[in-house]
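K.L.:
Below are the chains, spelled out letter by letter.
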Amino acid sequence: MTFARITMILLEGFGQTCLLFALTLLFALPLGLLVSFCSMSKFKPLQLITKVFVWIIRGTPLMLQLFVVFYVPGMLFNIQLFGSDPQGRFTAALVAFVINYACYFSEIYRGGIEAIPRGQYEAGQVLGMTKTEIFFRVILMQVVKRILAPISNEVITLVKDTSLARVIMVAEIFYLNENLIMSKGIIWPLFYIGVFFLLFVGVLTILFNYLEKKLSYYQI
Amino acid sequence: MAYLEILNLNKSFGENHVLKGIDFSMERGEVVSVIGSSGGGKTTFLRCLNFLEKPDEGQILIDGELLYDAALSYSDAEIREKRLSFGLVFQSFHLFPQYTAFENILIPLNLRAFERAAVDKLPFRQRRALKAEIMAENKVKAMELLRNVGLEAKADAYPCHLSGGQCQRVAIARALALSPAILCFDEPTSALDPELTGEVLRVIKQLKQEGRTMIIVTHEMSFARHVSDKVIFMADGVIEEMGAPEDVFDNPQSPKTQAFFSSFEEEI
Numbered sequence: 010m011t012f013a014r015i016t017m018i019l020l021e022g023f024g025q026t027c028l029l030f031a032l033t034l035l036f037a038l039p040l041g042l043l044v045s046f047c048s049m050s051k052f053k054p055l056q057l058i059t060k061v062f063v064w065i066i067r068g069t070p071l072m073l074q075l076f077v078v079f080y081v082p083g084m085l086f087n088i089q090l091f092g093s094d095p096q097g098r099f100t101a102a103l104v105a106f107v108i109n110y111a112c113y114f115s116e117i118y119r120g121g122i123e124a125i126p127r128g129q130y131e132a133g134q135v136l137g138m139t140k141t142e143i144f145f146r147v148i149l150m151q152v153v154k155r156i157l158a159p160i161s162n163e164v165i166t167l168v169k170d171t172s173l174a175r176v177i178m179v180a181e182i183f184y185l186n187e188n189l190i191m192s193k194g195i196i197w198p199l200f201y202i203g204v205f206f207l208l209f210v211g212v213l214t215i216l217f218n219y220l221e222k223k224l225s226y227y228q229i
Numbered sequence: 007m008a009y010l011e012i013l014n015l016n017k018s019f020g021e022n023h024v025l026k027g028i029d030f031s032m033e034r035g036e037v038v039s040v041i042g043s044s045g046g047g048k049t050t051f052l053r054c055l056n057f058l059e060k061p062d063e064g065q066i067l068i069d070g071e072l073l074y075d076a077a078l079s080y081s082d083a084e085i086r087e088k089r090l091s092f093g094l095v096f097q098s099f100h101l102f103p104q105y106t107a108f109e110n111i112l113i114p115l116n117l118r119a120f121e122r123a124a125v126d127k128l129p130f131r132q133r134r135a136l137k138a139e140i141m142a143e144n145k146v147k148a149m150e151l152l153r154n155v156g157l158e159a160k161a162d163a164y165p166c167h168l169s170g171g172q173c174q175r176v177a178i179a180r181a182l183a184l185s186p187a188i189l190c191f192d193e194p195t196s197a198l199d200p201e202l203t204g205e206v207l208r209v210i211k212q213l214k215q216e217g218r219t220m221i222i223v224t225h226e227m228s229f230a231r232h233v234s235d236k237v238i239f240m241a242d243g244v245i246e247e248m249g250a251p252e253d254v255f256d257n258p259q260s261p262k263t264q265a266f267f268s269s270f271e272e273e274i
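From first to last, the protein sequence lines stand for chains B and H.
In terms of the numbering used here, the first sequence opens at residue 10 and continues consecutively.
In terms of the numbering used here, the second sequence opens at residue 7 and continues consecutively.
Note that these hints are calculated values from the structure, not bench results.
Mixed in with the good hints, there may be bad ones.
As the list claims (entries may be wrong) - Subject to a maximum C-alpha distance of 25 Å in a straight line, what follows is the list of computed DMTMM-like cross-link-like pairs (lysine to aspartate or glutamate):
#	chain 1	residue 1	chain 2	residue 2
1	B	140	H	59
2	B	53	H	82
3	H	145	H	82
4	B	140	H	29
Work out the full structure: start from the sequences and follow the hints.
P.N.:
Structure follows, in structure tokens:
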């Protein structure tokens with residue numbers, strides 16, 4: 010087993026890791042906004058249901074949620090929501106990640122939205138803006154600036170959380186590595202994995218620093 | 007016929023009866039100052055005029071036409087339209103921090119102009135052309151408004167790089183952009199350092215010379231005396247005294263007004 014060969018195998022797993030990461034963000038970022046609107050809804054039952062749901066998701070381990078999404082539909086209702094092929098496992102993991110991260114994002118959004126002073130809404134109102142205009146033209150950009158730091162934190166956590174998908178045997182980097190250990194009896198690739206994550210998080214850190222700088226042309 | 011007429015305006019917050027039947031009228035081009043101690047209902051009065059609070063009772067007429075009747079119900083869109091009869095300048099400016107001084111004026115102006123021209127209903131190409139035309143027109147107007155408050159040079163500055171006085175002048179220009187019939191000021195200089203109040207007060211004086219109809223809630227007594235055509239003293243949700251500045255300031259009739267002024271003199 011050459012170094013290059015092992016790198017190729019791990020890269021293949023890391024590809025799955027990256028795909029899971031990107032798709033989770035793609036769905037969870039907008040879904041989180043929807044959840045945050047529900048948790049701020051004036052319609053109390055919706056607000057309550059959303060808050061309980063967010064409490065459950067944030068209050069239980071993501072690993073457990075992965076098991077629940079993958080196994081429970083079959084166990085309780087005898088329906089095969091996700092096949093046991095790699096495709097099905099990946100989809101199940103994605104669903105669990107999206108739900109989990111949407112809930113975390115929703116709380117960050119909620120904090121950001123509630124931190125905007127009422128005067129900003131009122132200034133928009135007296136200028137005849139509609140609620141939608143006020144949200145998209147006035148509030149949203151200020152929220153984005155406020156939440157960029159906590160969001161970048163979550164995004165970086167997500168990179169590493171993807172390794173949890175291993176528990177339902179998604180062929181991500183840890184899973185492939187374990188196969189290596191089992192079949193070839195070499196342990197060092199396990200530590201080599203750290204380099205992949207470090208590099209990826211490094212790139213993300215640079216990206217977020219760039220965004221922060223981009224938004225620093227004004228202060229709130 | 008008075009230009010603005012307010013009949014029996016009432017507003018409560020729960021048990022707290024903040025406005026207890028305000029009757030008030032003013033002529034076109036008049037400047038009215040509203041004075042009184044805090045908690046007297048001055049700010050709530052302005053907020054009701056701008057429909058930031060919904061009055062419980064009362065009517066508002068402009069130029070003899072009924073604008074608002076608390077007994078009727080209006081849709082959000084109708085309230086939005088009615089709001090544009092009034093402009094409001096806030097105590098702490100509330101400029102939009104992510105936009106330059108120029109954009110702060112231009113963006114609301116564009117949005118309303120697009121709505122009036124119903125650009126969204128046009129086919130794409132026509133819409134783009136019309137939007138460009140409206141925007142070009144509005145840019146000229148926005149720049150003119152900035153020039154009018156002496157801030158043409160600061161057009162591209164963000165609010166965080168402007169002094170409080172400059173921010174307030176931009177806020178005044180922004181409020182004027184939509185050509186309100188009546189411009190309201192809610193303690194426009196209270197959030198400013200003393201040396202910055204002068205520039206804002208000068209702008210308000212200039213607006214008076216241009217014939218703007220204005221209602222100014224203020225604690226600047228000497229300014230109120232010099233700029234107003236009429237002074238209102240409000241206390242405990244009622245208009246306690248109303249009249250020419252000389253009468254209200256020099257010869258107050260109501261005991262509450264007298265007490266208010268004497269507490270002011272003690273401070274000095």
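K.L.:
State for each hint whether it applies.
P.N.:
Now for the hints, and whether the structure bears them out:
At roughly 16 Å between alpha-carbon atoms, residue 140 of chain B and residue 59 of chain H fall within 25 Å of each other, so this suggested pair holds. Pair hint residue 53 of chain B plus residue 82 of chain H holds up; C-alpha atoms about 22 Å apart against a cutoff of 25 Å. Straight-line distance between C-alpha atoms of residue 145 of chain H and residue 82 of chain H comes to about 28 Å, which puts the hinted pair past the 25 Å bound. About 31 Å separates the Cα atoms of residue 140 of chain B and residue 29 of chain H, which puts this hinted pair outside 25 Å; it is violated.
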